[in-house]
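Once you've looked at the hints, dock chains B, C and D with the ligands against the given chain A.
For reference, the chains in residue letters:
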Amino acid sequence: MIYLDYAATTPVRNEVIEAMKPFFSDTFGNPSSIHLPGTEAREAVEKSRESILEHIKGRGRLVFTSGGTEANNLAIKGVCLSRKKGHVLVSSIEHPCIMETARWLSSMGWKVDHIPVDRYGLVDPGTVEDMIRDDTVLVSVMHANNEIGTVEPVEEISKICSEKGVLFHTDAVQTLGKIEVDLRKIDADMVSFSSHKIYGPKGVGALFVKEDVKLVPLLHGGGQEFGLRSGTENVPGIVGFSKAVELAVKELPEEAERLRKLRDELISGLLEIPETFLNGHPEKRLPNNVHVCFRFIEGESIVLMLSEKGVFVSTASACSSRKLEPSHVLRAIGLNHRDAHGSVRFTLGKFTKREDIEKTIEVCAEVVEKLRKISPFTE
Amino acid sequence: MIYLDYAATTPVRNEVIEAMKPFFSDTFGNPSSIHLPGTEAREAVEKSRESILEHIKGRGRLVFTSGGTEANNLAIKGVCLSRKKGHVLVSSIEHPCIMETARWLSSMGWKVDHIPVDRYGLVDPGTVEDMIRDDTVLVSVMHANNEIGTVEPVEEISKICSEKGVLFHTDAVQTLGKIEVDLRKIDADMVSFSSHKIYGPKGVGALFVKEDVKLVPLLHGGGQEFGLRSGTENVPGIVGFSKAVELAVKELPEEAERLRKLRDELISGLLEIPETFLNGHPEKRLPNNVHVCFRFIEGESIVLMLSEKGVFVSTASACSSRKLEPSHVLRAIGLNHRDAHGSVRFTLGKFTKREDIEKTIEVCAEVVEKLRKISPFTE
Amino acid sequence: MYSEKVMEHFRNPRNQGKMENPDGTGVAGNPLCGDVMKFYIKVRNGTIVEAKWETFGCAAAIATSSALSEMVKGKTLEEALEIKREDVSSFLGGLPPIKEHCSNLAVDALRKAIKNYRERVKE
Amino acid sequence: MYSEKVMEHFRNPRNQGKMENPDGTGVAGNPLCGDVMKFYIKVRNGTIVEAKWETFGCAAAIATSSALSEMVKGKTLEEALEIKREDVSSFLGGLPPIKEHCSNLAVDALRKAIKNYRERVKE
Ligand SMILES: Cc1ncc(COP(=O)(O)O)c(C=O)c1O
Ligand SMILES: Cc1ncc(COP(=O)(O)O)c(C=O)c1O
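Residue numbers (my numbering), protein chains in the order written: chain A, 3 to 381; chain B, 3 to 381; chain C, 321 to 443; chain D, 321 to 443.
Rather than coming from a laboratory, the hints here were simulated on the basis of the structure.
You can trust all of the hints, since none of them are fake.
Derived coverage of chain C by chain A (criterion: at least 3 residues anywhere in the stretch with Cβ under 8 Å from a Cβ of chain A; other residues may be distant):
(1) 333 to 343
(2) 356 to 365
(3) 375 to 384
The calculated PhoX-like cross-link candidates involving lysine-lysine, where the alpha carbons are at most 20 Å apart (straight line), are:
(4) LYS86(A) with LYS87(B)
(5) LYS87(A) with LYS86(B)
(6) LYS86(A) with LYS86(B)
(7) LYS325(C) with LYS311(A)
(8) LYS23(B) with LYS23(A)
Not the full set, but computed from the structure, chain B residues with beta-carbon under 7 Å of chain D:
(9) GLU302
(10) LEU306
(11) ILE376
(12) SER377
(13) PHE379
Every residue gets a Cβ at the ideal spot worked out from N, C-alpha and C, and that includes glycine.
The shape of chain A in the complex, shown without the other chains (with noise of 0.2 Å):
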């Protein structure tokens, strides 16, 4: 079994299951509570909080929530909503969180414009700024791309929107414990988070909001979360959380360097199999994503054939797997249908060994060949 779809999910990491054990059903108590149970139970919210903020050496409010869809859309919503009518733009290779809550924001009448991307799936700072109107209250560009592995000009887009006064928002789910997330160096107002993409438990993630940034909650309620997200913390989840992120961190600088390595072999590897190509940006990428068109065959096929040969990738993300257009990821960086069709994402973690891409190259070689034949596009 070899897991390559890091990028989806990942497994909980024995050390965060450690720390979330104690929270189940012996410090189980409603941090809202004011007896003893419900002081603990803050407590360890409280300092999961400031763990992390330090880690991402931000300064500002972390709005826990129950993942990176949540962070993202209480992001995007939160300003909207409690604003006039305005303007937003949204790079054109965002998470489908993003797309489709832009979608529907535009439906209710906000303008909405999307960022292009150049072939390597770059968002150009200077088109930013070009692209920045009187009326925008709102520019969201993700720190880097879950399918492609782009990592995007961050630091730079963010102090053209200081300088504009425009807010800025990035989506740092596919970043947080692959490369460096350094809120003084990233000058963003918000920026989201997930735990389940960085061997924390799924359910949880996080939405740093700068102290003096007005959003609408998307759930209201008790008032918990400074007033942005009600709902009883979920509190094993949150420390959970918080060791993931703890580790993540402390562990970047080797792991990175070892899963770079892997990649590149694995990229070198695949890319000798006749016709294939690599998509994403060669230098300007995530440490452990590698994504390749096998030309003339279609990627669920692939993805179903490797998994029955116990390789575990992924077409496109997780998430739209289950539909059947073409990724707009890959459409946005010119591929046409039936190559954006041919793509498969591998993602790299904690658990890949060597022998694993060894394998994994051997093993697609054998699947390409195989659907190949029966294509009707190959001679």
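Only chains B, C and D with the ligands this time, still in chain A's reference frame:
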């Protein structure tokens, strides 16, 4: 340590922890992935969904959420934001997550009216019928109140709404596992649930939605949960929630009987303390809820002093215990500010024993006496 | 997601590949979801004696191609023309709803192949 | 939520209870949050020699009453009048922000008690 705050939250029971375990690091896939780890996770989610639907006898969609707060927000906002502005009716004793949602909608131009309750906290179905207008789109009345434990006539109200062609939502967060929740009898279009109130994990809940009810999602994105709630599913949480529902429903008849007896003992014991009265309905009441006013003294002091002595109870709902205003529920049943501030909730649960009840009565008598000695209102 | 029968045809597709000197060929495709199928038939006395196919597409597309190539063998052209998409998917124990419409194109490709054969015969 | 010092005063409140034959009394209250305090003082030669109080309120209200009753003992009326809310809360190691405003009424009750004493003396 005597925990009598089960309505605020519960410890996760062992069977639930055991059921969740494999889904942290073994069957850890993303349910949206089409490879083997993904389909295994998908199967676990779908089985959980079916099991819960069976246990509540619901015919429709069960949408997993991050908790009761999200379920309630989704129900109310989901209906309203997908329609032209109209009229909404909510009872005047709903949980803050409904009250605040209604307040926000009203600030957005929706018309909101609050259904009054009698001095026991009961909503009169006839009043609901009278208050429904031509432009009413939604009525929301909770199944039982989280503070005073009054059980509402939601079967009747649901019939009235369906006759009038108005959507009906009920918040069953406090009733699941405590009294019967049978959606063949309660003809609601939407019903909210929360896992952490029934010995399941925090951070999970669900909204039951009939097939033909149109909702705008709060969380846009990958299209999970029938397109009504995007975001990577909290697989262990969902599995744990479903296990908790299964056990709670199975054990309900016996456990409710046991709790009812303990509850009545606690009520009689507490009412022997002078100048003490019961809030909520004497009979139409959750089997685990005791809510009394100790006149002349203040709730937070009582709770803290009891906590010092190892007895954990609450004032109003956990959510609002960090607020200063007296509970809107107690005000709605006609308590004056002072008596509202002097009321305390005891909620019993799975681990409550007869000795705990005796001890609690004893300790309460002491604490009340101590605080009354320093109250300016006692002679 | 897929029935066992779909997976079985996906794993071990029948009659796949190009046909030398076919009597009729037909191509069907759905540009959006990307599936493209090519069907080849050999006909003797109005009966399909051999069918082959090539498919670019998901597991459902491959399995429906494979299934249909088995279903048509030995059928007269008239009988083959009566096969509907639903017949193929029920032969396979059902397809996921989302795939039903988009990836079940084999029948279209077969019909085009029969049409192509008839046109050739006329000439 | 509360500092250890607040909890200590809450657990063991000083000088609580009614005073027989006080020289001055004052009541302060916040109807919304429900806290009500009554302060009693005994005065000799312009100096507060004894202070007692009764309080309906949360732990913060009780602790601030208790703390102030200690702080004023031995102070002249002028000195006592200079005590501000912040002095009480810093004496207690701080109060939660939400409580700062609402439950820190002891100073108001004390001032009213002093005023009441002065009015009585005038008569
Ligand atoms: C870039 C990006 N943003 C947001 C999300 C959504 O996060 P979650 O799965 O926690 O809802 C994902 C993962 O699915 C992602 O890769
Ligand atoms: C009646 C009621 N509704 C909703 C909620 C909110 O549920 P959750 O804590 O899961 O957000 C609660 C509990 O806090 C409740 O008692």
